[in-house]
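K.L.:
Chain residues, written in single-letter form:
2 protein chains.
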Amino acid sequence: MKYQAISVAFTAFLTILVNLQANAQIQPQAMTNSGAIFPKGKRAPANNFTGAVWVQQLIEPDSAFNIPVGYVTFEPGARSYWHSHAGGQVLLALGGIGYYQERGKPIQILKKGDSVKCPPNLPHWHGASPTVGFMQVAITPNTVNGRTTWLQPVTDQEYNNVNK
Amino acid sequence: MKYQAISVAFTAFLTILVNLQANAQIQPQAMTNSGAIFPKGKRAPANNFTGAVWVQQLIEPDSAFNIPVGYVTFEPGARSYWHSHAGGQVLLALGGIGYYQERGKPIQILKKGDSVKCPPNLPHWHGASPTVGFMQVAITPNTVNGRTTWLQPVTDQEYNNVNK
Numbered sequence: 001m002k003y004q005a006i007s008v009a010f011t012a013f014l015t016i017l018v019n020l021q022a023n024a025q026i027q028p029q030a031m032t033n034s035g036a037i038f039p040k041g042k043r044a045p046a047n048n049f050t051g052a053v054w055v056q057q058l059i060e061p062d063s064a065f066n067i068p069v070g071y072v073t074f075e076p077g078a079r080s081y082w083h084s085h086a087g088g089q090v091l092l093a094l095g096g097i098g099y100y101q102e103r104g105k106p107i108q109i110l111k112k113g114d115s116v117k118c119p120p121n122l123p124h125w126h127g128a129s130p131t132v133g134f135m136q137v138a139i140t141p142n143t144v145n146g147r148t149t150w151l152q153p154v155t156d157q158e159y160n161n162v163n164k
Numbered sequence: 001m002k003y004q005a006i007s008v009a010f011t012a013f014l015t016i017l018v019n020l021q022a023n024a025q026i027q028p029q030a031m032t033n034s035g036a037i038f039p040k041g042k043r044a045p046a047n048n049f050t051g052a053v054w055v056q057q058l059i060e061p062d063s064a065f066n067i068p069v070g071y072v073t074f075e076p077g078a079r080s081y082w083h084s085h086a087g088g089q090v091l092l093a094l095g096g097i098g099y100y101q102e103r104g105k106p107i108q109i110l111k112k113g114d115s116v117k118c119p120p121n122l123p124h125w126h127g128a129s130p131t132v133g134f135m136q137v138a139i140t141p142n143t144v145n146g147r148t149t150w151l152q153p154v155t156d157q158e159y160n161n162v163n164k
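Chains A and B are the protein sequences, given in the same order.
Sequential numbering from 1 applies to the first sequence in full-length UniProt numbering.
Sequential numbering from 1 applies to the second sequence in full-length UniProt numbering.
These are calculated hints, taken from the structure and not from any lab test.
You may find that some hints are simply not true.
Cross-link-like lysine-lysine pairs, in silico, DSSO-like; alpha carbons within 27 Å at most [said to hold, decoys possible]:
(1) B:K117 x A:K112
(2) B:K42 x A:K112
(3) B:K112 x A:K40
(4) A:K40 x B:K111
(5) B:K111 x A:K112
(6) B:K42 x A:K117
(7) A:K42 x B:K112
(8) B:K112 x A:K111
(9) B:K117 x B:K40
(10) A:K117 x A:K40
(11) A:K117 x B:K112
(12) A:K42 x B:K111
(13) B:K42 x B:K112
(14) A:K105 x A:K117
(15) A:K112 x B:K40
(16) B:K117 x A:K117
(17) B:K42 x B:K117
(18) B:K117 x B:K105
(19) B:K117 x A:K42
(20) B:K111 x B:K40
(21) A:K111 x B:K42
From just these sequences and the hints, can you work out the full model?
P.N.:
Shown next, in the form of structure tokens:
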């Protein structure tokens with residue numbers, strides 16, 4: 001009788017355990033999806049980026065709004081070429097692990113919730129870490145002054161020169 | 001001996017179960033946090049908002065960037081007063097269910113991934129649905145033209161006049 005009761009309790013616990021494990025397995029997937037607020041959009045042009053980069057234009061500039069706003073997804077290892085913006089740029093990190101570097105300064109690590117003001121005409125680049133992708137919103141104000149000047153690719157040596 | 005083995009196994013399972021339950025209790029909290037990319041910030045002034053609204057300033061405007069960027073959390077039922085922006089405003093919906101209305105038009109429902117361009121000088125309001133909160137990024141460009149003109153509160157009649 002005692003053995004039977006233990007056996008029943010054991011089976012009940014086993015069932016709960018399996019259910020909890022199933023839930024635990026669902027969680028990471030749900031969390032990954034919750035990070036992607038906007039669609040990935042289209043592949044960015046290969047002549048300005050290294051690796052796979054996706055851009056979804058959220059706001060097209062017009063006469064009232066001279067601020068294109070885009071959502072950019074960098075797959076692991078992907079990054080922009082060096083470039084500058086005549087009106088500067090604001091980056092909002094939405095998820096993953098990003099790299100951001102201004103000319104002459106060390107690479108900054110960007111994580112969810114970080115924001116960056118990149119000054120007008122200052123060469124810089126941004127991208128994902130080698131192992132974790134990166135999602136950002138890019139706001140490019142004052143495009144009346146001109147837009148993006150593209151420079152040379154970020155070399156592997158520059159990309160790997162990071163203090164973690 | 002058999003009883004002892006079952007007892008040991010039972011205790012082991014109980015320990016795992018308690019740990020899993022502890023994890024399970026952590027998950028919903030973690031998922032809630034994962035929706036919130038930015039901190040909630042400070043309470044918005046009660047004289048421009050109805051209900052509980054929180055604002056985290058992400059980008060302060062300066063001479064190079066005349067675009068304040070803020071993260072706004074509306075608790076269920078909360079909304080701004082009617083207002084207009086001299087340089088217009090861009091809203092990016094990050095989560096929850098939002099309401100957005102321009103003067104003379106029906107209320108628009110905003111969900112995660114939606115973006116809105118609100119034209120310069122056009123009276124409008126935004127907020128959360130009555131039962132689900134709303135999180136948005138607000139970009140307010142061209143503040144060199146002036147900033148926000150606050151108008152009257154959104155009445156309950158206006159707020160409830162929504163086609164779901």
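K.L.:
Next step is simple, just say for each hint if it's right about the structure.
P.N.:
Hint check results:
Distance restraint check for K117 of chain B and K112 of chain A: the Cα-Cα separation of roughly 25 Å lies within the 27 Å cut-off, and the hinted pair is therefore satisfied. For the hint linking K42 of chain B to K112 of chain A, the alpha-carbon distance of about 19 Å falls within 27 Å, and the restraint holds. With a C-alpha separation of about 14 Å, the suggested pairing of K112 of chain B with K40 of chain A holds against the 27 Å cut-off. Between the alpha carbons of K40 of chain A and K111 of chain B the distance comes to roughly 17 Å, so the proposed pair stays at or under 27 Å and holds.
A distance of roughly 20 Å separates the Cα atoms of K111 of chain B and K112 of chain A; the hinted pair therefore holds under the 27 Å criterion. For a cut-off of 27 Å, the pair hint linking K42 of chain B to K117 of chain A stands: about 22 Å separates their Cα positions. Proposed proximity of K42 of chain A and K112 of chain B is supported: the alpha carbons are some 19 Å apart, at most 27 Å. As the CA atoms of K112 of chain B and K111 of chain A are separated by approximately 20 Å, the hinted pair is consistent with the 27 Å bound.
A threshold of 27 Å between alpha carbons decides the hint, and for K117 of chain B with K40 of chain B the separation of about 23 Å falls inside it, so the pair holds. The suggested pairing of K117 of chain A with K40 of chain A holds, with an alpha-carbon distance near 23 Å, which does not exceed 27 Å. Between K117 of chain A and K112 of chain B, the direct Cα distance comes to roughly 25 Å. Compliance with the 27 Å bound is thereby established for this hinted pair. Annotation: proposed proximity of K42 of chain A to K111 of chain B holds, straight-line Cα distance about 22 Å (limit 27 Å).
Between K42 of chain B and K112 of chain B, the direct Cα distance comes to roughly 22 Å. Compliance with the 27 Å bound is thereby established for this hinted pair. Among the hinted pairs, K105 of chain A with K117 of chain A is consistent with the structure: their alpha-carbon atoms are about 14 Å apart, no more than 27 Å. For the suggested pair K112 of chain A and K40 of chain B, the alpha carbons sit about 14 Å apart, so the restraint of at most 27 Å is met. With a C-alpha separation of about 22 Å, the suggested pair K117 of chain B and K117 of chain A falls inside the 27 Å cut-off, and the hint holds.
Of the supplied pair hints, the one linking K42 of chain B and K117 of chain B holds, its CA atoms being roughly 25 Å apart against a limit of 27 Å. Restraint check: the Cα-Cα separation between K117 of chain B and K105 of chain B comes to about 14 Å, which is no more than 27 Å; the hinted pair holds. For the hint linking K117 of chain B to K42 of chain A, the alpha-carbon distance of about 22 Å falls within 27 Å, and the restraint holds. With a CA separation close to 18 Å, the supplied pair K111 of chain B and K40 of chain B stays within the 27 Å bound.
Annotation: proposed proximity of K111 of chain A to K42 of chain B holds, straight-line Cα distance about 22 Å (limit 27 Å).
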